[in-house]
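Participant: One-letter residues, chain by chain:
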Amino acid sequence: MSEREQSLFDAPPMGEQERMVEAILFASAEPVTLAELASRMPHGCDAAEAVAHVQKRYEGRGVRLHQVGTAWAFRTAPDLGYLMQKESLEARKLSRAAIETLAIVAYHQPVTRAEIEEIRGVAVSRGTVDQLLELDWIRLGRRRMTPGRPVTFVVTEQFLDHFGLESARDLPGLKDLRAAGLLDNRPLPDPNAIPSEEDEGATDQADMFEE
Amino acid sequence: MSEREQSLFDAPPMGEQERMVEAILFASAEPVTLAELASRMPHGCDAAEAVAHVQKRYEGRGVRLHQVGTAWAFRTAPDLGYLMQKESLEARKLSRAAIETLAIVAYHQPVTRAEIEEIRGVAVSRGTVDQLLELDWIRLGRRRMTPGRPVTFVVTEQFLDHFGLESARDLPGLKDLRAAGLLDNRPLPDPNAIPSEEDEGATDQADMFEE
Amino acid sequence: MAEDWDQAERLSVADRLAAEALIVDVDGFEGPLDLLLSMSRSQKVDLRRISVLQLAEQYLIFVNKAKDLRIELAADYLVMAAWLAYLKSRLLLPPDPTDEGPSAQEMAAHLAFQLERLAAMREAAARLMARDQLGRDFFARGLPEDVSHLRKVTYEGSLIDLMRAYARLRTRDEFRPFVMDRDHVFTMEQALERLRGMLGYVGEWSDLQGFLPEGWDGTPMQRRSALAAHFAAVLEMTKQGQLLLRQGETFAPLQIRAREGGRG
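Sequence order for the protein chains is D, F and U.
So for the first sequence, full-length UniProt numbering puts the first residue at 1; every next one is plus one.
So for the second sequence, full-length UniProt numbering puts the first residue at 1; every next one is plus one.
So for the third sequence, full-length UniProt numbering puts the first residue at 1; every next one is plus one.
The set of hints was computed from the structure by calculation and includes no laboratory data.
A virtual CB, placed ideally from N, CA and C, is assigned to each residue, including glycine.
Just to be clear, a hint being listed does not mean it is correct.
Claimed, not checked - One-sided and incomplete, this derived list gives chain F residues near chain D with beta-carbon spacing under 8 Å:
(1) Glu22
(2) Ile24
(3) Phe26
(4) Ala27
(5) Gly62
(6) Val63
(7) Val68
(8) Phe74
(9) Thr76
(10) Ala77
(11) Lys86
(12) Leu177
Sequences are here, hints too, so could you generate the full structure?
Facilitator: What follows is the structure, given as C-alpha cells:
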C-alpha cells in the first residue's frame with residue numbers, strides 16, 4: 001500500500017514517514033502540532049497516520065507518545081517516574097487558593113474572576129491568578145459578552161501537557177460533575193439576597209485585573 | 001534467561017529493564033554512562049545488556065541509541081537530519097543597481113569597475129558587486145593591462161545557466177532590444193528612471209523597481 | 001492563605017477538634033463559605049440534605065464566640081452571619097404570601113448547592129493534583145535537538161529584467177530627469193516675480209484676469225495653473241501690504257490695485 005501511495009502522491013513509504021515522526025518528536029521537548037509535523041515532512045506525507053502508527057509502536061514502552069490538544073509529544077512512561085529523581089524539578093508549591101482556582105478554571109472554563117469568587121466564596125487574590133498565568137497553566141480567554149465585558153480564563157496546552165491530558169474534556173470526573181449539575185452557572189435565586197459585600201468586591205477586582 | 005536472572009538477583013525482567021533504559025536516556029539532558037544507568041536502575045539489573053537490547057530495537061528507526069565515549073544518548077538518525085531544519089525560502093528581486101551592474105558586465109565583459117561606473121553614471125557600491133560575486137553570477141576576469149592594472153569582471157556559467165543563455169554572445173543586441181520595444185524612442189517619464197539616486201538607496205529602488 | 005492542600009484534608013479528620021479549630025483562627029478558613037463547608041462536614045450528611053438551619057445556627061454561634069474572644073472577624077464573615085441570621089428567621093417563620101423574592105427554602109437550597117459545588121471543586125482539584133505530572137512523574141525529552149531555522153534567500157532576475165536594465169542604461173540620455181512633468185504648471189514664485197515687475201502699472205483697480213501671462217490660455221490646465229498661481233501671489237502681496245484686493249460679490253472678477261505708499 002505504501003508503494004501505491006508513493007506512486008500516487010510521490011510520498012515516502014509509511015515506514016519512512018514513521019521514522020520522520022519519531023525523529024521530529026524525539027528532538028523536541030515541546031509538543032509538536034500535526035500542522036508543524038506536516039510542514040516539516042516531505043510533500044505528500046500523512047502526518048496524522050504516521051503519528052497513529054508511531055503511537056501504537058510505543059505502546060507499553062519506556063517512552064510514549066502523548067496527545068496534547070492538536071499536538072504530540074514523547075513523554076516517559078509515568079510508572080518509571082521513580083527512576084527520574086535526577087530530572088525531577090523542584091515543583092513550586094502551589095497554595096491551596098491557587099490549586100482550587102486552577103481546578104475551577106479547568107472545569108468551568110471559560111470562567112470569569114467573579115465566577116471563581118462565587119464558587120470559592122472568597123476573593124481571588126491577584127497573586128494567585130498571576131502565579132497560574134506565570135506557570136502558563138491558564139490564560140485569558142474571550143471577554144464575556146455581559147455588562148462590563150469581564151475577561152475569562154481558560155487553561156492552556158501547557159496545562160494539558162503538565163497533567164497528561166489530551167484535552168480539557170479528559171479532566172477526571174468531568175462527566176459526573178456535569179451530570180450532577182455542579183458545573184452549572186446557577187445564579188443566586190435573588191440578586192438582592194446576595195451578601196452585597198462579596199458582590200461589590202468581585203466587580204472591583206475584575207476591574208483591577210483588567211488594568 | 002531473564003527469568004533466571006530475576007530469580008537470582010530479584011531483578012526486573014529484561015523487557016522492563018529496556019523500558020527503564022529508554023526512559024532514563026530519553027529524559028536525561030546529557031549522555032548517561034553505563035555506570036550511572038546501573039546506579040539508577042533497581043538492584044540486579046544488567047544495564048549493559050539492556051542498552052544492547054534497546055540499541056538493537058532502535059536500529060533503523062528515526063532515532064538511534066548513540067554511544068558517546070562510555071555514555072549513551074538518543075540521537076536523530078543521521079539521514080533524517082534535514083528534518084531538523086525549518087527552511088523558509090525567500091525569493092527577492094535584485095536591486096536595480098545590481099541588475100544594471102550585471103547587465104553591464106554581461107554586455108561589456110570583461111569590464112572594469114570604472115567602466116561600469118562610467119556607463120551607469122554613478123558609483124558602484126561594493127555591496128552590489130559582492131552580491132553578484134556571491135550569487136556566482138559574475139567573477140573576476142583578467143586584470144586590464146592599463147595603468148593601475150584594474151581587475152575586470154566577467155559573467156559566469158551560473159549566470160548563463162540562470163538566464164537561459166548558451167553564451168554571453170547570445171545576449172540580445174541593441175537592435176533586438178529596439179525590436180522588442182525596449183529601446184524605443186522616449187520611454188515614458190517615470191520616477192523609476194531617475195538616475196540621480198545612488199546605490200545606497202538600492203533597497204528602496206528595488207522596491208520601486210519591482211513595480 | 002498559605003495553608004496547603006493536605007491541611008484541608010486533615011481538617012475533616014480532625015472533626016472532634018472542629019469546635020476549637022473554628023474559634024482559633026478565622027484566617028485558617030478561606031472565607032465564610034469555606035467555614036460553612038467545614039461545619040457542614042461535621043454534620044456528616046449528604047450536602048444536598050444538609051440542614052441549613054443547623055448550619056446557620058452553628059455559624060452564628062461561631063461568630064459570637066469569636067466576638068467574645070475578640071477575634072477580629074473579616075467583613076465578609078459578618079455579612080454572611082447577617083445573611084444567615086436573616087435566612088434563619090425566614091426559615092423559622094411561616095412564609096409571607098406578599099413576599100416576592102425567592103422563598104427561604106430556595107435560598108437555603110442555593111446555599112446547599114454552593115457548598116456542594118465548592119466541595120466538588122475541592123475534590124476535583126485534589127484529583128487533578130494527584131494525576132501524574134510532567135517533570136514529576138513523567139518527563140519530557142531531556143536533550144532536545146534544536147531545529148535550525150534556515151532562511152534561504154534566492155535572488156531572481158530574468159533575461160528580460162537584464163535587457164530592460166541595459167536598455168535603460170543605453171537610452172538614458174533621452175531620459176528627462178523630472179519627477180513631475182511641469183510643462184503646464186505656473187508656479188507661485190513665477191507669478192510673484194511677474195507681478196512685482198508690473199506693480200508700478202497698477203494704479204487703478206484692474207481685473208486680475210488682465211494680468212495673466214500670454215500663452216497660458218491654451219489648455220484649461222494652463223489657464224487654471226496660471227490663475228491659481230497669480231491668485232496666490234496676489235494674496236501674498238496683499239498680505240505684505242503691496243497690493244489691495246477686492247471682489248464685488250461672490251464669483252465677481254477679482255480686482256487689484258497697488259497700495260499707495262506701500263510699494264516695496
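Participant: Please flag the earlier hints that this structure goes against, numbers listed from lowest up.
Facilitator: The structure conflicts with hints 7, 12, although it agrees with all the remaining ones.
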